[in-house]
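Please arrange chain B on chain A, whose structure you already have, making use of the hints.
Residues per chain, in single letters:
2 protein chains.
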Amino acid sequence: MYDFAAEPGNNELTVNEGEIITITNPDVGGGWLEGRNSKGERGLVPTDYVEILPNDGKDPFSCGNSVADQAFLDSLSASTAQANSSAANSNNQVSSGNDPWSAWSASKSGNWDSTDGWGAKPEGTTTQRNTSNNWDTAFGHPQAYQGPATGDDDEWDEDWDDPKSAAPYFKDSESTEAGGAQRGNSRAGSSSMKLPLNKFPGFAKPGMEQYLLAKQLAKPKEKIPIIVGDYGPMWVYPTSTFDCVVADPRKGSKMYGLKSYIEYQLTPTNTNRSVNHRYKHFDWLYERLLVKFGSAIPIPSLPDKQVTGRFEEEFIKMRMERLQAWMTRMCRHPVISESELFQQFLNFRDEKEWKSGKRKAEKDELVGVMIFSTMEPEAPDLDLLEIEQKCDAVGKFTRAMDDGVKELLTVGQEHWKRCTGPLPKEYQKIGKALQSLATVFSSSGYQGETDLNAAITEAGKTYEEIAGLVAEQPKKDLHFLMECNHEYKGFLGCFPDIIGAHKGAIEKVKESDKLVATSKITPQDKQNMVKRVGTMSYALQAEMNHFHSNRIYDYNSVIRLYLEQQVQFYETIAEKLRQALGRFPVM
Amino acid sequence: MYDFAAEPGNNELTVNEGEIITITNPDVGGGWLEGRNSKGERGLVPTDYVEILPNDGKDPFSCGNSVADQAFLDSLSASTAQANSSAANSNNQVSSGNDPWSAWSASKSGNWDSTDGWGAKPEGTTTQRNTSNNWDTAFGHPQAYQGPATGDDDEWDEDWDDPKSAAPYFKDSESTEAGGAQRGNSRAGSSSMKLPLNKFPGFAKPGMEQYLLAKQLAKPKEKIPIIVGDYGPMWVYPTSTFDCVVADPRKGSKMYGLKSYIEYQLTPTNTNRSVNHRYKHFDWLYERLLVKFGSAIPIPSLPDKQVTGRFEEEFIKMRMERLQAWMTRMCRHPVISESELFQQFLNFRDEKEWKSGKRKAEKDELVGVMIFSTMEPEAPDLDLLEIEQKCDAVGKFTRAMDDGVKELLTVGQEHWKRCTGPLPKEYQKIGKALQSLATVFSSSGYQGETDLNAAITEAGKTYEEIAGLVAEQPKKDLHFLMECNHEYKGFLGCFPDIIGAHKGAIEKVKESDKLVATSKITPQDKQNMVKRVGTMSYALQAEMNHFHSNRIYDYNSVIRLYLEQQVQFYETIAEKLRQALGRFPVM
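In order, the protein sequences belong to chains A and B. Residues 1 to 587 in the UniProt record's numbering are what the first sequence lists, from first letter to last. Residues 1 to 587 in the UniProt record's numbering are what the second sequence lists, from first letter to last.
Zero decoy hints are in this set.
Dumping the calculated PhoX-like pairs for lysine-lysine here, alpha-carbon to alpha-carbon at most 20 Å: (1) LYS531(A) x LYS510(A); (2) LYS417(A) x LYS425(B); (3) LYS317(B) x LYS251(B); (4) LYS432(B) x LYS417(A); (5) LYS429(B) x LYS461(B); (6) LYS219(B) x LYS360(B); (7) LYS432(A) x LYS461(A); (8) LYS432(A) x LYS417(B); (9) LYS417(A) x LYS417(B); (10) LYS417(A) x LYS476(A); (11) LYS352(A) x LYS363(A); (12) LYS417(A) x LYS429(B); (13) LYS259(A) x LYS280(A); (14) LYS219(B) x LYS531(B); (15) LYS352(B) x LYS363(B); (16) LYS429(A) x LYS417(B); (17) LYS223(B) x LYS531(B); (18) LYS417(B) x LYS425(A); (19) LYS461(A) x LYS425(A); (20) LYS576(B) x LYS425(B).
Simulated from the structure, these hints should not be mistaken for laboratory data.
The following block holds chain A by itself, in its conformation from the complex:
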């Protein structure tokens, strides 16, 4: 339909208007398809740049697992549509002018844009790839996800977290962060949910429509129950829970040692049987969880990919610690931990079982907003106003908490720097100055000052010890406070999209009256829509209750730990100084 000039090195295919392309893979993910032109050249083309010519009367998107995925990806990336070049954007606008649902998109982005600065909040060290998208401004550039390209296992096994083969899209997110040295803000961009961004996302695909307007939702085998407990709607928690220990990082290699990677041992506490996974397997899991549950449950992104120094001990330790935190977080979630996807990741018996499980997961159609079709709240229907209020309240809270968490991260990072930099240096200088003075005093030749000089020397050494204590302390307390806030920042980064999906659904229900009036849908259809949005709302409430109870537990634990360690720290210093004082002669 439009000219498309391939970006060199991106495996793209240049397409001219009117040119006919043979689709070799209709859905490589992220709004791209793979095609072959008349010259036999193959490459990727944005789906929006081509018009599918029917060849067998069947929607080409409905083959395989692509429809639901695409719908979800598009619904998630709707809010990032503004991020694209104005040329691509104006194309979208022309097209979306005919779409009755496009109003939601406009109202939604208007909504977010008008919030008092959530989006506009400047972020210290994030690299900005585009500035028109407020969410992007707030959380840094999302990593452009390139998807597990095809089902081809050979290609999949390519070491794409290796610097040599790293896709160019990862480049600016895989910047120079070195191990655990940089914290907080430096990770701002990557700790938010990685949106499976389309490079040129189209107008809203029928994902939400499909869920809200389906005459009858297929009864899926999978069921996610929602009950109403003391605190309102809640997920059903399994009777026995488990954690998963991430340990024993080992360097492996393949291709005769040309490529190397780190493999981690994962041991679920319920089975006690270990499986091994590389980082990219985690990343695959993250991606599938996001596709499947991301409309309902915040899935915080994995610890950053790291291009340089991947095998430095410190970095591996830090990554493992964070992978552990991430796994624990997933194990704690009643919906995720019980899902087949997650279970399969931890419990496959051999390579074959892992690969077949992987293929099955990739073909799963109950993804995106369709996940709500698996939920059956045992609760009365909600009216739209209540749904909207609940949704707004969640939006308000998560936005405010996001600000609070970021404030703490900023302050914490500043404090970290001072405690590990200038402050211990100063204590060291005080220590050295006292010791020099004692040395000078000892040269006086005056009798009877040996005790004093020994005491001053000791006091000087004590201040040098204090310097060491000060520099080490953040690892004992501030570190955990930072990690916790960092995790929560990751969670909170998922909410704008979750809330966006909900607001989108609400908008569609609101506009459904027009459709009823013009007989495009029946009043029963509308009834179903309200009920289904109600289900979404119950899911949101259940998730928020899960979130809150975890938040309360986590912050209570981490602040307690922080204070305990701080008390101990100051007591240790006081004790050391008291000892030093005790050495001074009484005159």
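Just chain B now, kept in the frame of chain A:
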């Protein structure tokens, strides 16, 4: 003799070569005389620029009290002769070529110049008036002392610490230091002994010669005994000691309120009878003590003069505290506290007694190196080698301690800045961030987190309190450590001149063999010289023993105090945090 161009605004008189000036005041101090030219213009002229034409056959300098003063001033300022313009300097050299003692001066300055950086050590914030004098470089510019101009009490009463009438020479030392806000280095220049600098000092006046070579020293009524105790030579300590309480600063005014000043009440603890003194009276005392005892005893300078904001409460408090420390220091010194000069300052009964005492003090001829003539050590004669070794040891020690003290002052100042600036700000931010988070949490609408949120708020407030504690702490501990080191820096700044005088005397003795050989002096004269240098050495040793015992006491006290306060500080923080921790619910 030479052309002299008056500096405008300095009350100087331009003189041309050959012009005859009527001397109206032959000694206004500092190497200046007051004269009147043929046009009737009056003003100051450097003594070196004029040749005194005898009018009555009597040396015009011998009138009044000026000889001894001048001798002393010159002996002290000999080491600063290099500081002057090369033109003036070359004049000195021509003249001093005929002086057999000039060799000492050269050797002395060579000596100090060659020291490994004592003189060359750069000083943070001192203003440099001339750079050729190493001692100057080390301790900043000494305040050019203008002497208590004449015996004229009216002129004396002029409020010369008033900004309007402040002599221009004080201008750059009376810079912008505001109250106690700036510390340490900023006071570097002024805390050293104020050398009564001649602007154009002449060749060495016969002070030292007079003392060393006098056939018979007049037996003065005044006697300063030196005995040998367990620690070697020592001053004789009075059986009862006293302190002097400086209190009750009051604003006074004169000239119908046009001029105002602060008057302090001084109450010696032995008499309990108060006298009042203004800062300029302290300055007079300091000056007279320096003139009288400065060759033997380090007299630390007074707290800085202050032009702007002299009546700000904080400044007055700080100055009073430092005047108190200075007075206590003087009271503690067995020689100074017992001197008529000092006693008279504290014990006059009325204005008349004060004025007559003042006049008497100004006429005192036992000043400069002549003070040694009042000392009679009850100890065996020393040989020159031993004298020299003792002197070198003192030089080495005081120089090393000077470095040590300055290092501590530098570090302390840095620490002060951090503790009162960025550190408490950071704790405040941590406190605010915790409180914001608690506020956000409270808005969640989730039940059962009231306790947690109250606890987080409390923890936040605790960190705000800690911010306050951190900011206030330096006043409780570091302040005293700084003041003590500051005082000692003042003492140590006096030693180069004291040691310079001693080395000068030693050099003269060394060169006396030549004079004996050429029969300019008798072997008995030389014998006397060695004995007198020995007396100087005993005095130096007695003073060093006084210095050391005070140093040990002072540093022991101040570091103890510092550590005690630090222990309490860290314990208080630990306790506050423990309380905050106690409020967190146990889950």
